[in-house]
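> The whole structure should be built from the sequences, with the hints applied where relevant.
Those letters in the sequence shown? Residues -23 to -1, 1 to 896, by mature numbering (1 follows the signal peptide of the UniProt record, and there is no 0).
One thing to keep in mind: the hints can contain errors.
[Stated by the list, open to error] For each label pair, taking beta carbons as the anchor points, the in silico distance ranges come out as: (1) 166 / 226: 28 to 34 Å; (2) 57 / 395: 39 to 45 Å; (3) 169 / 644: 49 to 55 Å; (4) 285 / 351: 53 to 59 Å; (5) 397 / 519: 24 to 30 Å; (6) 274 / 397: 18 to 24 Å; (7) 624 / 566: 32 to 38 Å.
[Said to hold, decoys possible] In silico SDA-like cross-links for lysine to any residue, where the CA-CA straight-line distance does not exceed 25 Å: (8) 650 / 677; (9) 39 / 77; (10) 15 / 317; (11) 780 / 435; (12) 183 / 199; (13) 39 / 316; (14) 338 / 87; (15) 318 / 26; (16) 317 / 32; (17) 492 / 187; (18) 784 / 835; (19) 217 / 100; (20) 392 / 269; (21) 443 / 457; (22) 442 / 392; (23) 16 / 286; (24) 351 / 110; (25) 671 / 684; (26) 492 / 759; (27) 144 / 381; (28) 392 / 361; (29) 710 / 428; (30) 442 / 777; (31) 183 / 224; (32) 217 / 173; (33) 492 / 380; (34) 650 / 686; (35) 708 / 669; (36) 15 / 45; (37) 351 / 335.
No lab work stands behind these hints: they were computed from the structure.
Don't be surprised by glycine CBs; every beta carbon is placed ideally from N, CA and C.
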Amino acid sequence: MEVFPLLLFLSLWWSRTWDLATADSIIHIGAIFDESAKKDDEVFRTAVGDLNQNEEILQTEKITFSVTFVDGNNPFQAVQEACELMNQGILALVSSIGCTSAGSLQSLADAMHIPHLFIQRSTAGTPRSGCGLTRSNRNDDYTLSVRPPVYLNEVILRVVTEYAWQKFIIFYDSEYDIRGIQEFLDKVSQQGMDVALQKVENNINKMITTLFDTMRIEELNRYRDTLRRAILVMNPATAKSFISEVVETNLVAFDCHWIIINEEINDVDVQELVRRSIGRLTIIRQTFPVPQNISQRCFRGNHRISSTLCDPKDPFAQSMEISNLYIYDTVLLLANAFHKKLEDRKWHSMASLSCIRKNSKPWQGGRSMLETIKKGGVNGLTGELEFAENGGNPNVHFEILGTNYGEELGRGVRKLGCWNPVTGLNGSLTDKKLENNMRGVVLRVVTVLEEPFVMVSENVLGKPKKYQGFSIDVLDALSNYLGFNYEIYVAPDHKYGSPQEDGTWNGLVGELVFKRADIGISALTITPDRENVVDFTTRYMDYSVGVLLRRAEKTVDMFACLAPFDLSLWACIAGTVLLVGLLVYLLNWLNPPRLQMGSMTSTTLYNSMWFVYGSFVQQGGEVPYTTLATRMMMGAWWLFALIVISSYTANLAAFLTITRIESSIQSLQDLSKQTDIPYGTVLDSAVYQHVRMKGLNPFERDSMYSQMWRMINRSNGSENNVLESQAGIQKVKYGNYAFVWDAAVLEYVAINDPDCSFYTVGNTVADRGYGIALQHGSPYRDVFSQRILELQQSGDMDILKHKWWPKNGQCDLYSSVDAKQKGGALDIKSLAGVFCILAAGIVLSCLIAVLETWWSRRKGSRVPSKEAPALQNETTISERSNAWPLRPCLKLGSNTWKHQASSHGLHQSSQLGRPLDDP
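Structure, rendered in structure tokens:
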């Protein structure tokens, strides 16, 4: 209740002051402001106050004014308030409103011949659109546009052309009239540029959430690609909120480049926009000249400006809008025009005009006052304020500020150039690609462990892991040349990445899609599906599909000496020895041979067998065979033995020097045609998808992939596939399994296996390659690709390859067994069977000797004791026969008997049972 009396007192005091002022002053101006522009009123009053204190301009005269506020979207109210001001008597009308009411005031001013100084105002700092005020060459145009025309179309077109953009999106807020850049849209369309438009709603958070809810992952990625180049036509407050939202939701990354254009951007807004944004930012704003001499900053000729408006450190000055500056300069311009009229003594008194009466006449001094205002000019807060023949202000300057690519907060802003309607662009705005100098840039790298591309080299508790491998060497080569640093981490799910049912990606690719990493590197192949969501550099190594198999193990065969002949052949040879020995005995039994005198051999079956065996092993025999039939038999046998022994000797040498075991799988075609060895790959990997796509393609000519897919897809892929490559390698080593995977990875495993238990087969044609993955639209793609090509051309890439895939490794990659290709010394394993046979023979002979001894002793213990006299007689006879000389017998029978006695010894004499007497 205490506020109302105070307001009543102030209104009565103001009306009293107004009456006194209007009664004494001959300079009275009217002002119409938008009801939301309270600061326009403050600056207007400050300007009048400063000029009333300056006696050099108006001398003893003082400016009086009347101010009224209207709804900027209500032309009728604006006209009504203007009529009220004209009825009071004014020399000029100053208005700071929107385009909706400006046309009505223009018509009224033209009719009443009242100079109308129009300052176009936009709502809440939104960029201006052209009002489209009709201008005629006639003398009845009394409206002067204080603010310069809207040059946004020209400035944007020149900047976009300098940056060589071909695809971008334009965001504009709900308060902006998109028809303001229609000229720009027409021109870029004629030049073939791809331009999209999107209105930013007041609830930005809801807008972004709707995008994520309604777009699939492919559509969202295409939208992210569009956001790499964008133009923001909106007020600074909306621009700040919008940038914050898109950055927090990972819709943009540090490789984006955005242009913000608005005349109403001050220094505080610039710092805040740069702080919230990432990537490169270009800001286009209207700028005004500032005196170099700080002490002269508040002086414009003979006029001193209030320090609250000219001191850049003053909070009020920092928050001023451009319309505020033009209002101050408008009042200064009118004051100088009034001063000139007073000096020329061509002053026309104010007339009270009525807009209501039908036959009301315009102000007679309006034309003279208008000409004086148009011919005048001042240097104020906005620089030179003057008017062209068409009633517009031609003096406007745009400042172009920019940052570099990056994601660090508070990075510096520098002036890139300036633009004005007369000279155009002054400065270089080329959107240069990233140069070789990337020093200070820290990239976040995601990887997947895969030998030999990426491996952990050092894992110390409490310290970051260190990595090594072929891909790490390539990354280090890029880092050393370009100068960037990187932080590396392993993908949380240890996968390369594949599309999920909901359209998202997992693994390494998913980390890039969701902007959690800058680049991804490992044994990552370039596929069409992956290129839809991320970017790839040029391939740094060719890729092909290979198969890892286990070598045929060389088992220790103690009886390798028997290997040249089959078991059936050995059985036939043994049977032949027995058969020939039996035939030799029968031939000798049917026709006994004539033995030489003194021969101690006999033609028993045992001796015949022994003779045949001895001749077979080339050791000869002791039994003489003199009959023709026996000799024919033995001649054929010896020829047979010669051929068999020669064949055995030659075949044994080959078996003991080179193992001839060859696998039937020597290619992917061989693998697909067999079913004895199951095979598979990593589930949902690029190899898995490649085989599936080829196998299910009805137009694929090669049936190999369809056969492979049937094996790999058994039980929906769970039977023969693994979750990680290491699991597949272990499955090959300890089981009957073949692993289909990247040929480069499998070759490294086969080369470095300590047991050399693997070998690989695969395609020799490389249909794809390994590349470095980057975020979609990353600015690093081109510079990385260029450096990779330089490494390949210089041969440095081959040096890195030979480090991990040496030509002369410890293991043979392509041999299915660990074969000896050159002759060498035989080891004990090769002849162990021979020693076993010898040992068996020795043991058997010892056993037989023991049995013979035991049998002889047992048989000797069973002879009767009456034989002792007989033995004694034989001994006596033997002694006598040795002592008695034999005399020749005259009789034939006696000689014959004696000869037989000498031939058969004492054994026959003992059989006679009597002693031999001397003849």
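> Give a verdict on every hint.
We went through each hint and held it up to the structure:
1. 166 / 226: 28 to 34 Å: Given range 28 to 34 Å: holds, Cβ gap about 30 Å.
2. 57 / 395: 39 to 45 Å: holds, 43 Å
3. 169 / 644: 49 to 55 Å: For residue 169 and residue 644 the Cβ distance comes to about 50 Å; the hint holds.
4. 285 / 351: 53 to 59 Å: violated, 30 Å
5. 397 / 519: 24 to 30 Å: At roughly 56 Å between Cβ atoms, residue 519 and residue 397 fall outside 24 to 30 Å, so the hint is violated.
6. 274 / 397: 18 to 24 Å: holds, 22 Å
7. 624 / 566: 32 to 38 Å: Holds - the Cβ-Cβ distance for residue 624 and residue 566, about 33 Å, lies within 32 to 38 Å.
8. 650 / 677: holds, 17 Å
9. 39 / 77: The given pair, whose Cα atoms are some 33 Å apart, is violated under the 25 Å limit.
10. 15 / 317: Distance of about 31 Å is beyond 25 Å: violated.
11. 780 / 435: holds, 19 Å
12. 183 / 199: Given that 25 Å is the threshold and the Cα spacing comes to 20 Å, the pair holds.
13. 39 / 316: With a Cα-Cα distance of about 11 Å, the restraint between residue 39 and residue 316 holds, given a limit of 25 Å.
14. 338 / 87: OK: residue 338 and residue 87 at ~12 Å, within 25 Å.
15. 318 / 26: holds, 21 Å
16. 317 / 32: holds, 14 Å
17. 492 / 187: Judged against 25 Å, a Cα distance of about 19 Å means the pair holds.
18. 784 / 835: violated, 75 Å
19. 217 / 100: holds, 17 Å
20. 392 / 269: Given pair residue 392, residue 269 holds - Cα atoms ~17 Å apart, limit 25 Å.
21. 443 / 457: Given pair residue 443, residue 457 holds - Cα atoms ~17 Å apart, limit 25 Å.
22. 442 / 392: violated, 42 Å
23. 16 / 286: With Cα atoms ~12 Å apart, residue 16 and residue 286 stay inside 25 Å; holds.
24. 351 / 110: holds, 18 Å
25. 671 / 684: Between residue 671 and residue 684 the Cα gap is close to 10 Å, so the pair holds against 25 Å.
26. 492 / 759: holds, 19 Å
27. 144 / 381: holds, 20 Å
28. 392 / 361: The hint holds at about 22 Å.
29. 710 / 428: Holds. Residue 710 to residue 428 sits at ~16 Å (cutoff 25 Å).
30. 442 / 777: holds, 22 Å
31. 183 / 224: Given pair residue 183, residue 224 holds - Cα atoms ~15 Å apart, limit 25 Å.
32. 217 / 173: holds, 21 Å
33. 492 / 380: holds, 21 Å
34. 650 / 686: holds, 12 Å
35. 708 / 669: Holds - the C-alpha atoms of residue 669 and residue 708 are around 22 Å apart, at most 25 Å.
36. 15 / 45: Status holds; Cα separation ~11 Å.
37. 351 / 335: violated, 30 Å
Going through the hint list in order, the structure does not satisfy hints 4, 5, 9, 10, 18, 22 and 37.
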